[in-house]
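Going by the working numbering, the final residue of the sequence shown carries number 172, and the count climbs one at a time with no gaps.
Derived from the structure by calculation, the hints contain no laboratory data. Where a beta carbon is used, it is the ideal one built from N, C-alpha and C, also for glycine. Check the hints yourself; a few may be wrong.
30 Å max Cα-Cα, derived BS3-like pairs, lysine-lysine [claimed, not checked]:
#, residue 1, residue 2
1, LYS16, LYS160
2, LYS120, LYS155
3, LYS40, LYS27
4, LYS16, LYS40
5, LYS32, LYS5
6, LYS40, LYS172
7, LYS137, LYS155
8, LYS5, LYS16
9, LYS172, LYS32
Distance windows between CB atoms, simulated [unchecked claim]:
#, residue 1, residue 2, range
10, PHE110, SER156, 14 to 24 Å
11, GLU104, LEU9, 34 to 44 Å
12, GLU104, LEU13, 14 to 24 Å
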Amino acid sequence: MRGAKIGFLNQILVDKLSLENNASISKMNRIKSINILSLKDNAEIRSGNFIGAPVRGTVDEAINFENQNIYVNRNSSILRSNYFDVVDEIIIGENVVFGGNGSEIWTHGFTVNREMLSGKVIFENDIFIGSNCIFTKGITVVSETTIAPASVIYKSIIEKGIYSTHELRRVK
Numbered sequence: 001m002r003g004a005k006i007g008f009l010n011q012i013l014v015d016k017l018s019l020e021n022n023a024s025i026s027k028m029n030r031i032k033s034i035n036i037l038s039l040k041d042n043a044e045i046r047s048g049n050f051i052g053a054p055v056r057g058t059v060d061e062a063i064n065f066e067n068q069n070i071y072v073n074r075n076s077s078i079l080r081s082n083y084f085d086v087v088d089e090i091i092i093g094e095n096v097v098f099g100g101n102g103s104e105i106w107t108h109g110f111t112v113n114r115e116m117l118s119g120k121v122i123f124e125n126d127i128f129i130g131s132n133c134i135f136t137k138g139i140t141v142v143s144e145t146t147i148a149p150a151s152v153i154y155k156s157i158i159e160k161g162i163y164s165t166h167e168l169r170r171v172k
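Turn these sequences into a full structure, and let the hints guide you.
Structure representation (structure tokens):
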């Protein structure tokens, strides 16, 4: 844990916090109701992020509270003002960057009958994510992938490449 640091004005309510060499949590982050928060060597959570989960006893019994974990591997960065819903695990591989700000990861959703569905979200290695992307429950993003800003990823990406959910076209 040499060189690991936590900046000012953070709220960190986790059962187990693991910061390896030069890992950092910068400033003004709200991290709550998490079992395990693990940052490997040189991993960082910058500023203004919300990473949270429901508190035990306040929601549907369908939640497995033991799965409320987030793992950020070597050289990965979560930059500014992102929202991570951690009802199920979020696993972020090596060299993954949540660029810009405002991306969201959702590990749960509901059926039309209000039954909760959940699933972990996995990012493999060497991934760049542009600003304001949304990731839904139960998906995996394969290594060596770039995701364009404001994309909505609702199914797994299984082939490396550059992805966007927008088609650039002239409207008028």
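Results of checking the hints against the structure:
1. LYS16 with LYS160: Violated, at roughly 33 Å.
2. LYS120 with LYS155: 12 Å, holds
3. LYS40 with LYS27: Distance ~18 Å between LYS40 and LYS27 Cα, so the pair holds.
4. LYS16 with LYS40: 14 Å, holds
5. LYS32 with LYS5: With a Cα-Cα distance of about 18 Å, the restraint between LYS32 and LYS5 holds, given a limit of 30 Å.
6. LYS40 with LYS172: Violated - the C-alpha atoms of LYS172 and LYS40 are around 49 Å apart, more than 30 Å.
7. LYS137 with LYS155: 9 Å, holds
8. LYS5 with LYS16: 16 Å, holds
9. LYS172 with LYS32: 47 Å, violated
10. PHE110 with SER156: 14 to 24 Å: 20 Å, holds
11. GLU104 with LEU9: 34 to 44 Å: Once the Cβ atoms are compared, 22 Å apart, the range 34 to 44 Å for LEU9 and GLU104 is violated.
12. GLU104 with LEU13: 14 to 24 Å: 20 Å, holds
In this structure, the hints that do not hold are numbers 1, 6, 9 and 11, in rising order.
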